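Those protein sequence lines, which keep their order, are chains A, B, C and D.
Per the numbering used here, residue 1 is the first one in the first sequence, and the count goes up by one each step.
Per the numbering used here, residue 1001 is the first one in the second sequence, and the count goes up by one each step.
Per the numbering used here, residue 2001 is the first one in the third sequence, and the count goes up by one each step.
Per the numbering used here, residue 3001 is the first one in the fourth sequence, and the count goes up by one each step.
Derived from the structure by calculation, the hints contain no laboratory data.
Please read all numbers here as calculations on a predicted model, not as lab measurements.
Here a beta-carbon is modelled for each residue, glycine too, at the ideal position from N, C-alpha and C.
Zero decoy hints are in this set.
Subject to a maximum C-alpha distance of 30 Å in a straight line, what follows is the list of computed DSBU-like cross-link-like pairs (lysine-lysine):
#1 C:Lys2240 <-> A:Lys240
#2 C:Lys2117 <-> D:Lys3117
#3 A:Lys240 <-> C:Lys2235
#4 D:Lys3235 <-> C:Lys2240
#5 A:Lys235 <-> A:Lys197
#6 D:Lys3240 <-> A:Lys197
#7 B:Lys1197 <-> C:Lys2197
#8 C:Lys2235 <-> B:Lys1235
#9 C:Lys2197 <-> A:Lys197
#10 D:Lys3197 <-> C:Lys2235
#11 C:Lys2235 <-> C:Lys2217
#12 A:Lys235 <-> D:Lys3240
#13 D:Lys3240 <-> B:Lys1240
#14 B:Lys1117 <-> A:Lys197
#15 A:Lys240 <-> B:Lys1197
#16 D:Lys3117 <-> B:Lys1197
#17 B:Lys1240 <-> C:Lys2235
Under 7 Å between C-beta atoms, here's a sample of chain B residues computed to sit facing chain C:
#18 His1123
#19 Ala1202
#20 Leu1205
#21 Ile1208
#22 Glu1209
#23 Thr1212
#24 Glu1214
#25 Asn1222
#26 Arg1229
#27 Pro1230
#28 Phe1233
Below, each chain spelled out in residue letters.
There are 4 protein chains.
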Amino acid sequence: MKEVLKPEVLALIEDLVNANHILYHQQVVDAFGHVSVRHPFRADRFLMARNLAPIQVESDDILEFDLDGTAVNAQGRRLYLERFIHGSIYRQRPDVNAVVHSHSPSVVPFTISRSSKLRPVCHMSGFLGAGVPLFEIRKFSGNASDLLVSNDELGRALANTLGTSDAVLMRGHGSTVVAPSLKLAVYRAVYAEVNAKIQSQAQALGDIEYLTNEEAKACMVNTEGQVERPWEFWKAAARKSNSESAAT
Amino acid sequence: MKEVLKPEVLALIEDLVNANHILYHQQVVDAFGHVSVRHPFRADRFLMARNLAPIQVESDDILEFDLDGTAVNAQGRRLYLERFIHGSIYRQRPDVNAVVHSHSPSVVPFTISRSSKLRPVCHMSGFLGAGVPLFEIRKFSGNASDLLVSNDELGRALANTLGTSDAVLMRGHGSTVVAPSLKLAVYRAVYAEVNAKIQSQAQALGDIEYLTNEEAKACMVNTEGQVERPWEFWKAAARKSNSESAAT
Amino acid sequence: MKEVLKPEVLALIEDLVNANHILYHQQVVDAFGHVSVRHPFRADRFLMARNLAPIQVESDDILEFDLDGTAVNAQGRRLYLERFIHGSIYRQRPDVNAVVHSHSPSVVPFTISRSSKLRPVCHMSGFLGAGVPLFEIRKFSGNASDLLVSNDELGRALANTLGTSDAVLMRGHGSTVVAPSLKLAVYRAVYAEVNAKIQSQAQALGDIEYLTNEEAKACMVNTEGQVERPWEFWKAAARKSNSESAAT
Amino acid sequence: MKEVLKPEVLALIEDLVNANHILYHQQVVDAFGHVSVRHPFRADRFLMARNLAPIQVESDDILEFDLDGTAVNAQGRRLYLERFIHGSIYRQRPDVNAVVHSHSPSVVPFTISRSSKLRPVCHMSGFLGAGVPLFEIRKFSGNASDLLVSNDELGRALANTLGTSDAVLMRGHGSTVVAPSLKLAVYRAVYAEVNAKIQSQAQALGDIEYLTNEEAKACMVNTEGQVERPWEFWKAAARKSNSESAAT
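The following block holds chain A by itself, in its conformation from the complex (with noise of 0.2 Å):
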């Protein structure tokens, strides 16, 4: 990126190196999954790392990236396989400015049980309550696919699936989930790993209460209003652990 990029947009890509180092940190992504952010000043635009783990990514590698997943910088680098997850979300819901897509290992057991469904069990979770959507992906790329989201006809048959929840999960796969900021999205890929693990748990200990409809809303809103603190808290973590390693 040796353009000369405005300060929001500086700031927005620092933004975008802590959070994949933090969803590495929380351990929402290993070397696989992906955080995107939608450009500040072009809506048809969205910024994401080169193909790179998340851990590994800094300001160098985050790429501009047209809705359509076309990389307007890469100058070769290699790119994710899946980055039509990204553009189809963002052509499609306006309100939305950040993405991220992971394996999260709570959320994958999920994706794979004909018998339960992920909903809103605690009170960090509740921007699970506009439902939970499962993209079967056999619907549109039959018996035989390798299970990516690797074009865009792909990108808007879950983008269609996702519809105006936050979150889809990906059969066989992982999940994606949305935000109408970057710190938000990486809030609720944190806290969709917490929820399927706290509901996991109390399966096994027999019937569930869930939240209601009204108090996932109200535990959106509330909850969602406070999150400066688990990022500044992540990041700090983040850069420790980082430190840690720039040191040796």
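Dock chains B, C and D against the given chain A, drawing on the hints supplied.
Then chains B, C and D, alone, in the frame of chain A:
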């Protein structure tokens, strides 16, 4: 806290900072959760951090509160939304001198289970023998609340539900434990989580042999008489972790 | 221990310090739990730390005990309440030269399960094949005890329950494992925990194919002949962790 | 290995050392388990460490073996008891160039389950689609064996059970995975563990939607084409961990 503080208060503030760090290090709290201690010279006051992730709390972040949740020296700093949990309990329970509120991960499933109740299963958690009531906030806030104990009235309702027990579950949210001293409150917060984890795993194995009420009482007296050992151990572990951070 | 100690005793004390650190690092003990070794020149004595979290034990903390649990050189230092576990077993089992008592997290659920018994499921834990009796302290202390083996009489009852086995479960409390050498006792404490975790998870998957008694015996001979490998590995890992601490 | 080694062999030895460290860091191996690679110029030889915990392996510890398990340059150093696993598979499977044997914790429960079979549940583990046979050593060693593949005859029996699959479970013991390259063998060992964990958790939630055979094949081709990303990520993480150790 620019005022001149008595040595006893300064020592307690240092313990409270340690308690914050220990609770994070022992995985009872993360970005959320808080711990307070009753003021040693004014039974109508308590000490607690400003709105901050516990691991980030230092002595300058400790504020003094009235029992109605008003900070007497906040100087504009943001407060925990649920500080009313603490004041209400100190008001109703003169025997209580410290309170921990958390979302510790193995306890939350019990707060949403219609089938299973948290009960003492091992000698380290005899304090659960006085019963672990469930605070169903719907009874007080209706079906559309944000689940937070965010005013004095809800604080009183929670304190009433707690009654004479030493722990109360909060549906879809977390738990609150109380104790006659700060060190014991930390101990009980850690072992409420340990007990929940053991009980969950034991339920998966079949029927459980719980402690009798008398065993719970005897265990509480004996193991809690040893609280200095885990406190010193946890403090050293938390300091080690923090120093590694500071070194970078 | 200001007296002049023979080199063999000094070497054993060093091993015992390492054993304490390993058991913490391998998550068998935390603030609680203890490990002892029979004195190499006096079969009626054993070595064990004063009342301290295992990770904090250094050579100066190692005391010498009679088999009735009296410390011969405590000089006023506080002792483990359950030191009687060790002396009673050394008295009854001349083949045993080391004892580990712990509350390791996957074993405790088996101590309170009315339905499931801990049995050897893999080649690393053949030592469980001699049977894992359950010590129900209610039979000896009644329904109102603190569950602790806090006197010689209870120690004898525990040793009787252990019988000729190499591990005994203690209801609502933890377990004790024994071995002919310190390294093997550490090994068995680690693998009792590993076996419990595997067995719990396998029970959730359905019926289990356990080791036959003959397989358990053959596995014990063979894998325990390799004890130097895990010992050196665990010791290096524990030292690494401690050095990181000391550097700060 | 005092002989002069070709650059390709030196590079492969460096990769093999990294593979050892990665498998430890990713929690596939601990004190036990081993990884080998076929010699790049002699199809009848393979490279593997001497008897050592994987995290402790350095290049000087890498030995060269015949396919019958004889080390050609051991110089008295102790060998893995189960080296016959590797040679037998290289002999029978010319397409295989790397082998990992481990006791990874989520896989072992499937080796002892009479009810549940390990099957591919997500796109990262398509390689399991070729089937995951169970090696029941009792068929070959009887009811009193030590469960170890400790001679060439048992190695051949294991290789026969593996057949054309890429992973084989070993009852009460662990698993062995194979691949056309060292990096892919490490990848498969990690994702066999990940798949087992997800499948276990999903079974607890109810019925599972597995990958179709065709999906498994397509997933294998696609995700394994990206093996450099996790390899570089895992290598960096393992190096970071080792450097922290070396600094002390």
